[in-house]
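Peer 1: Chains as they are written, first to last, in my numbering: chain A, 1 to 332; chain B, 333 to 839.
Please keep in mind that the hints were generated in silico from the structure rather than gathered at the bench. Glycine included, each C-beta is placed from N, C-alpha and C at the ideal position. Do not take every clue at face value.
Once the Cα atoms are required to be at most 16 Å apart in a straight line, the calculated EDC-like pairs of lysine to aspartate or glutamate come out as [claimed, not checked]:
| id | chain 1 | residue 1 | chain 2 | residue 2 |
| --- | --- | --- | --- | --- |
| 1 | B | K640 | B | D657 |
| 2 | A | K215 | B | D669 |
| 3 | A | K215 | B | E787 |
| 4 | A | K215 | B | D635 |
| 5 | A | K215 | B | D636 |
| 6 | B | K764 | B | E787 |
Take a look, some chain A residues computed to stay more than 10 Å from chain B by CB distance [unchecked claim]:
| id | residue |
| --- | --- |
| 7 | Y25 |
| 8 | F28 |
| 9 | N160 |
| 10 | G280 |
| 11 | A316 |
Just some of the chain A residues that point at chain B, by a computed CB distance under 7 Å [what the hints assert, rightly or not]:
| id | residue |
| --- | --- |
| 12 | T42 |
| 13 | N44 |
| 14 | Q200 |
| 15 | T201 |
| 16 | V202 |
| 17 | G212 |
| 18 | K215 |
| 19 | R218 |
| 20 | G221 |
| 21 | G261 |
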Amino acid sequence: MTVSASSSPGAATASMSPLVFLSRYGTFLAFLALILFNVFMTRNFLSWQTLNVNLTQVAPIVIVAIGMTLVIATGGIDLSVGSLMAIAGAIAPMIFMGKLFPVDPVLGVALALVIPILIAGMLGWFNGFLVTNFRIQPIVATLVLFIAGRGIAQVITNGNLQVFKNPEFQFIAMGRIGGIPVQVILMLAVAALAFALIRQTVIGRQIIAVGGNEKAARLTGIPVRRVKLFVYIVSGALAGLAGLIVIARNSASDANLVGFGMELDAIAAVAVGGSLLTGGRANIIGTVLGAFVIQLVRYTLLANGVPDAAALVVKAGLIVAAVFIQQRASKA
Amino acid sequence: MLLSMQNISKSFAGIPALREASLEIAPGEAMALVGQNGAGKSTLVKILTGAYTRDSGTIRFGGRDVAFGSPAESQAGGIATIYQEINLAPQRSVAENIYLSREPRRFGFLDRAAMREGARKVLKTFNLDIDVDLPVARFSAATRQMVAIARSVTQNARLLIMDEPTSSLDEREVVVLFETIRTLKKRGVAILFIGHRLDELYAICERVTIMRDGQTVAVSDMAAMPKMELVRHMLDRELAAFQAMASSKVEGPEKPVRMEADAIGSGVRVRDVDLTIRQGEISGLAGLLGSGRSETARILFGDDRFDKGSLRFEGQERRYREPADAIADGIGLVSEDRKVDGIIPDMSIRENMTLALLPRLRKAGIVDRARQEEIVRHFIKALGVKCASPDQPIKELSGGNQQKVLLARWLCTDPKVLIVDEPTRGIDIGAKAEILKLLRSLADEGLSVLMISSELEELLAAADRVTVLSDGRSVAELPRAALSEASLLAAMAHQDAEHQNPAGNVS
Numbered sequence: 001m002t003v004s005a006s007s008s009p010g011a012a013t014a015s016m017s018p019l020v021f022l023s024r025y026g027t028f029l030a031f032l033a034l035i036l037f038n039v040f041m042t043r044n045f046l047s048w049q050t051l052n053v054n055l056t057q058v059a060p061i062v063i064v065a066i067g068m069t070l071v072i073a074t075g076g077i078d079l080s081v082g083s084l085m086a087i088a089g090a091i092a093p094m095i096f097m098g099k100l101f102p103v104d105p106v107l108g109v110a111l112a113l114v115i116p117i118l119i120a121g122m123l124g125w126f127n128g129f130l131v132t133n134f135r136i137q138p139i140v141a142t143l144v145l146f147i148a149g150r151g152i153a154q155v156i157t158n159g160n161l162q163v164f165k166n167p168e169f170q171f172i173a174m175g176r177i178g179g180i181p182v183q184v185i186l187m188l189a190v191a192a193l194a195f196a197l198i199r200q201t202v203i204g205r206q207i208i209a210v211g212g213n214e215k216a217a218r219l220t221g222i223p224v225r226r227v228k229l230f231v232y233i234v235s236g237a238l239a240g241l242a243g244l245i246v247i248a249r250n251s252a253s254d255a256n257l258v259g260f261g262m263e264l265d266a267i268a269a270v271a272v273g274g275s276l277l278t279g280g281r282a283n284i285i286g287t288v289l290g291a292f293v294i295q296l297v298r299y300t301l302l303a304n305g306v307p308d309a310a311a312l313v314v315k316a317g318l319i320v321a322a323v324f325i326q327q328r329a330s331k332a
Numbered sequence: 333m334l335l336s337m338q339n340i341s342k343s344f345a346g347i348p349a350l351r352e353a354s355l356e357i358a359p360g361e362a363m364a365l366v367g368q369n370g371a372g373k374s375t376l377v378k379i380l381t382g383a384y385t386r387d388s389g390t391i392r393f394g395g396r397d398v399a400f401g402s403p404a405e406s407q408a409g410g411i412a413t414i415y416q417e418i419n420l421a422p423q424r425s426v427a428e429n430i431y432l433s434r435e436p437r438r439f440g441f442l443d444r445a446a447m448r449e450g451a452r453k454v455l456k457t458f459n460l461d462i463d464v465d466l467p468v469a470r471f472s473a474a475t476r477q478m479v480a481i482a483r484s485v486t487q488n489a490r491l492l493i494m495d496e497p498t499s500s501l502d503e504r505e506v507v508v509l510f511e512t513i514r515t516l517k518k519r520g521v522a523i524l525f526i527g528h529r530l531d532e533l534y535a536i537c538e539r540v541t542i543m544r545d546g547q548t549v550a551v552s553d554m555a556a557m558p559k560m561e562l563v564r565h566m567l568d569r570e571l572a573a574f575q576a577m578a579s580s581k582v583e584g585p586e587k588p589v590r591m592e593a594d595a596i597g598s599g600v601r602v603r604d605v606d607l608t609i610r611q612g613e614i615s616g617l618a619g620l621l622g623s624g625r626s627e628t629a630r631i632l633f634g635d636d637r638f639d640k641g642s643l644r645f646e647g648q649e650r651r652y653r654e655p656a657d658a659i660a661d662g663i664g665l666v667s668e669d670r671k672v673d674g675i676i677p678d679m680s681i682r683e684n685m686t687l688a689l690l691p692r693l694r695k696a697g698i699v700d701r702a703r704q705e706e707i708v709r710h711f712i713k714a715l716g717v718k719c720a721s722p723d724q725p726i727k728e729l730s731g732g733n734q735q736k737v738l739l740a741r742w743l744c745t746d747p748k749v750l751i752v753d754e755p756t757r758g759i760d761i762g763a764k765a766e767i768l769k770l771l772r773s774l775a776d777e778g779l780s781v782l783m784i785s786s787e788l789e790e791l792l793a794a795a796d797r798v799t800v801l802s803d804g805r806s807v808a809e810l811p812r813a814a815l816s817e818a819s820l821l822a823a824m825a826h827q828d829a830e831h832q833n834p835a836g837n838v839s
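Just chain B, with the same shape it has in the complex (with noise of 0.2 Å):
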């Protein structure tokens, strides 16, 4: 083995991230590593790398036992890093930046015609013929990993991380990068591939380690395990909690459309998703990480434009520029990120909860502090969100109670679609139930939901029909009769023929 990590522990704060989690890789091969958000996978990599330290553990890199202090100390022990937004400065040279920090020298200058003949040289074994003396902000961003590799190269990498490369390449650049991978494999060189499209993982990987929840739950060679079975290693977990939580309708007619996407695309992230939203119902939108879920429903809340297909509202065709134009028609998101794109942290409960309702609430301009302080009160009730006062800052409240006040954000404007990516993301399990609880008495009052998430008992749980993505595609619609555990599977590991292999056979 080049690489053999064992037994890795660490912590943050006391929550384990690492428990006892391993990874091996040998000389020559690429390694896949899957596992869902939060499962591991970075900070493993980040303790190879040195970026974080091990609690506890060993790791054996070439022989050797090592301890990276730094990513700076593991690159020079041999390990390089190829991240998604790749780290090259783009306004200088290709031949620059691939002998960034390590110049080639004469009488103390630099030595410019050396650097040219070694960076084309390097490049043309990748069958890559550029100038390289064009600032590499220049070239795509396919050409830029390239850029990338070939650094690593030059500097004796023997294990290459890879995280996420393709997830900004299209087709055509995608087969270029496992060209390069496949030469890298012949010259020994080790990789370990970081992804979500399965179908490339079959496509170059030779292994594959899963994580969940902090630990290795499986090992094998890619031949020897079929897509359904990794995704379940993937997302299983004991399925509990919410069991019996299901529509109190079984079957009843179809619901009207509210809403509805047809062959809706925008960019690489999303290529092709049909999509329907009925009134009363609660949709659920399924995929693996990377399958385009989130980016789905900005557009449909016109946080992102589509530049494919059409939308449609009530009937009515639409093309939303901004989400205030969504929430007009009366959507509302609630964002999977609550920190980043959803409370404001230094407000109060009081104004996080009214910000969309702020202009229905003007008198002559001024906010109607009676009106407000009246719905307040009612959705902290109604949601039984704990807090000292409705004047609290909402960043000094739980997750949950975070979750509650920005469901009620919306809730407030007495919305005709709620759509809620990943509602009970950090959430413990009783805010959890009560939320989910909520979106389905909602839905019973005739709300539409679209609810996003990457729990398979949680969509089991409420959803009344289950759209699934794969790569940006919506790959099956299944009504709540169809739904289970097994044909969200099969419809997430996405076994279908057009589609396999896109970029040539296994190696």
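Bound conformation, chain A alone (with noise of 0.2 Å):
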């Protein structure tokens, strides 16, 4: 028994180097095939209305799952960034419509795209708060908001539809500075700003060092709890944002609809994108990438006759290829 238990660990050594190639390029070679396959058996693929579609649909999740990788990288998860983005979906309407207190039209503009962000980064902070001050496991704890959010939205809303016409708002979503969407430059400076922070800044070294080893961590006099509150505050104000972004694309607002499974779509991109959900890392190019990867997915087998339901099934798969790619990678 003990002779084929000691005789495994050497066979699996020999196999680790693909795995660890995989585990770091994986994600980019899936996006590479994923293209090469589409402009070979996809009609119209390369064109700017393609493009454009993808980028589109790809930006709020890529926005969300970049707050999510800074908690995934603390150790935590974020389950609440779907509801909190129907909350500020919900309010950011009434804001500009004039339904909460009576405002001049730009300045109900500006506070429309500054409030629900705020109160999202609040709801977040309760988050982090309920982790660090209760040290409520995190899933069970952003589970709270993840039910009570969209309830909240509804009740916000009194379960209504909100259709609105407000160009200025929606500029965030519609709008274009030299050719390029606004929610993809959007996109592009928050994965910027996130990248930088993870390399650059302190508490961007502090979120890697709490979540690789939090005891170590506290005994080098990191402010563990301080770094917590950080990256649900993030998270969540980041889902703010996305909130905005996706009711702003479709001139209405569904307290049911906005950000449903956002969080399931998000914990994909941060694990196709190769952090490890145990945290310590933080990929952010990765996240974007599996962002893309899942986008691209979806899209091809959407284009090419597939139904969605079936997509769901292939999204799991490669949720499940790239978790088992990285833990036997990390073993190595």
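Using the hints, build the complex out of the two chains.
Peer 2: Have a look at this one:
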């Protein structure tokens, strides 16, 4: 019995190097493969319109997934992002349509862009508060707002669909600067900021340290509580921003639908992107690529006539493959 | 003999953990098993219970050769183990726990009446009268332990292995536990008692087996083995390597006090510790395993709070709430277990080294990379860290080099007090001497060092004074002049009438 057990590690090490390679470049390879596949198999793939559709659809996922990456880097998880999107999406139209308080139209748009994000950030702080003060496991702590958040959004709007046409507000989704959709610019800006945060700043390195070894981090004087609060606030605020983009794109806000299932897309993007779900690593570029891969898989299947339901199964398969590769590679 | 283990050897990845170790226990006797960390006690026990397979040697239990393949097999064979943190199902009732996995049944259903009755009966033999329907989590640690023991008795265990059974008990509870052990012994049950509190061993055990470096170095009647002798057997090694590294200044005037703990205490691990850390000195902190050394260090560093006594830093009263508070005063701690609470394995040497310094490397929130590089290069060179590049992950370094990086983590913050807990554990002999030399020269430059060590020669070689702890109390402060192997051993064995035999006479 022991003989067979002792021989297996040797066999495993021999097959490690391709796994390490896959764990490092797998996401990028999958991304390239999907593009190549579509170039040959999907009609009109190489067109501005296709690019536009994909970029605008992926932008909110990327934005939320980046917040998620920071939370996961500390060893946590944030299930509430979809519900926070719904709350932000519910509040914004009420502000610029003057339903909450009478307001000048220009100021209204400005407030509609700021207040929902602040509120989402505060709700993120609440998540962090539960995690740090009461030592509730992150998956349970954020489940609170995952469930309650959408309820709150429905109560705010009385469950009504809010339809609007407000070009100034909708600039964040419909507008273009130099031909590039504003939401894509926002996505790139968020990604660039997060990348710099993780690489260059003190708090960024402290986030990685907390996720890498929380006990050791505390013993070097890192304010573990503050670091955790920070990532949940950022995750909440970014979810708020994504919520605004989604409703601006749809010209409508439905508390039942805004951000529905987003937490899973975001977690999937992080997992496929190569950040360990156990924390201690934050691969921002990986997360962006991961979101693109998930988006492209969905697009590929839809464009080739495979129903959305089947796309979900493929997405699940991708996540399993990514996590499997990560775990095996990190044991090497 | 009920149990006879002979010539047991076991290696892990080529490194021997046990070399021809042996252990014998007679029915109805309590055998003490003692030794330092890494002496091989737990490996020996795990081989006995079937958790590990031995490489060679024989085990006879109850007159037959045995080779248990798993803990479940040894349990069925009559060997029960009571762990430090007892393995009971905390939310289930006392009766359910006693009969866990062999519940009495009637017509296929649990026979709760029989369970209750049986549980009450067996607990009564230990003079324990409790409501067996309450979940075990509602009872004290001592009672939970009793439930675990009762469970093993109903399984007809003939040998009971107790691994530090008193570590979470207060003195009153220890008395109750010892009563129980005496009852068991009268019934012919043998006890293997693994522990570090010498007084307790003398109070309850007939014989003692001492292990060191994977070998059984002594077996003796408890009464024939003076404490001093016992401690010497546990610690003795060829004194070598650092004999002559003593302080450069032999006897100067008393150096000013930097940090002072006065009758400090927290829970049961640290009860009453006086400790003085002086400027420019290496203060040693000695004591056997479980005497509260690391726990004391954690209090000084703000990682644990104290509920008794007082702490002063440079004359000022202090009550640190977080390590960050102590760090702000200029205190650093290199902890005992590098892997668990020292290194961040996936981060680079550069980042691990500057983790504590990071806030001071901040320029508008951004890490000043140039200064960071400069500092890291300086310390890699100054401490002789052997690495491919500062960006190599720290987990790839050897133990000695990791330790140097962790020392540098604090040295680069220019600390006033550096606490090092077992600074040379798991490090090869050359690196050991280097690290001790480094601590010495730092102290000569004015740093206060508190060095916790289980190695006598290390303390003798490096420390300017040594405070000895025993069972959570400081029992001696030995200045340089009074430091010798004999004086340290005597203090560690703590031959002091006051605390002798807390739990009654030797039975």
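Peer 1: Taking the hints in turn, state whether each one holds.
Peer 2: Hint by hint, here is what the structure shows:
Annotation: proposed proximity of K640 of chain B to D657 of chain B is violated, straight-line Cα distance about 19 Å (limit 16 Å). As the CA atoms of K215 of chain A and D669 of chain B are separated by approximately 11 Å, the hinted pair is consistent with the 16 Å bound. This hinted pair does not check out: K215 of chain A and E787 of chain B have alpha carbons roughly 26 Å apart, beyond 16 Å. Proposed proximity of K215 of chain A and D635 of chain B is supported: the alpha carbons are some 10 Å apart, at most 16 Å.
Annotation: proposed proximity of K215 of chain A to D636 of chain B holds, straight-line Cα distance about 13 Å (limit 16 Å). Simply put, K764 of chain B and E787 of chain B have alpha-carbon atoms about 11 Å apart, close enough for the 16 Å limit, and the pair holds. A cut-off of 10 Å between C-beta atoms confirms that Y25 of chain A is not in contact with chain B; the least separation is 18 Å. Even its closest Cβ contact with chain B, about 21 Å, leaves F28 of chain A beyond 10 Å, as expected for a residue assigned away from the interface.
Consistency note on N160 of chain A: stated as away from chain B, and its beta-carbon is indeed over 10 Å from all of that chain's, at 43 Å minimum. With a cut of 10 Å on Cβ distances, G280 of chain A falls inside the contact zone with chain B, its closest approach being about 5 Å. The non-interface label for A316 of chain A is consistent with chain B: the shortest C-beta to C-beta separation is roughly 28 Å, beyond 10 Å. Using the Cβ-Cβ criterion of 7 Å, the hint placing T42 of chain A at the interface with chain B is not satisfied: the shortest such distance is roughly 39 Å.
Because the closest C-beta pair between N44 of chain A and chain B is about 44 Å apart, greater than 7 Å, the hint is violated. A cut of 7 Å between beta carbons decides the hint on Q200 of chain A: the least distance to chain B is about 5 Å, and the hint holds. For T201 of chain A, the interface hint holds, the least distance from its beta-carbon to any beta-carbon of chain B being 5 Å, beneath 7 Å. For V202 of chain A, the interface hint holds, since its Cβ comes within 7 Å of a Cβ in chain B; the closest pair sits about 5 Å apart.
Evaluation of the G212 of chain A hint against chain B yields a held restraint, the C-beta minimum of about 4 Å falling below 7 Å. The interface hint given for K215 of chain A holds, since its Cβ lies 4 Å from the closest Cβ of chain B, which is under the 7 Å cut-off. Because the closest C-beta pair between R218 of chain A and chain B is about 6 Å apart, less than 7 Å, the hint holds. Against a cut-off of 7 Å between C-beta atoms, the interface hint on G221 of chain A holds, since the closest Cβ of chain B lies about 4 Å away.
The criterion of a C-beta within 7 Å of any C-beta in chain B is not met by G261 of chain A, whose closest approach is roughly 31 Å, and the hint is violated.
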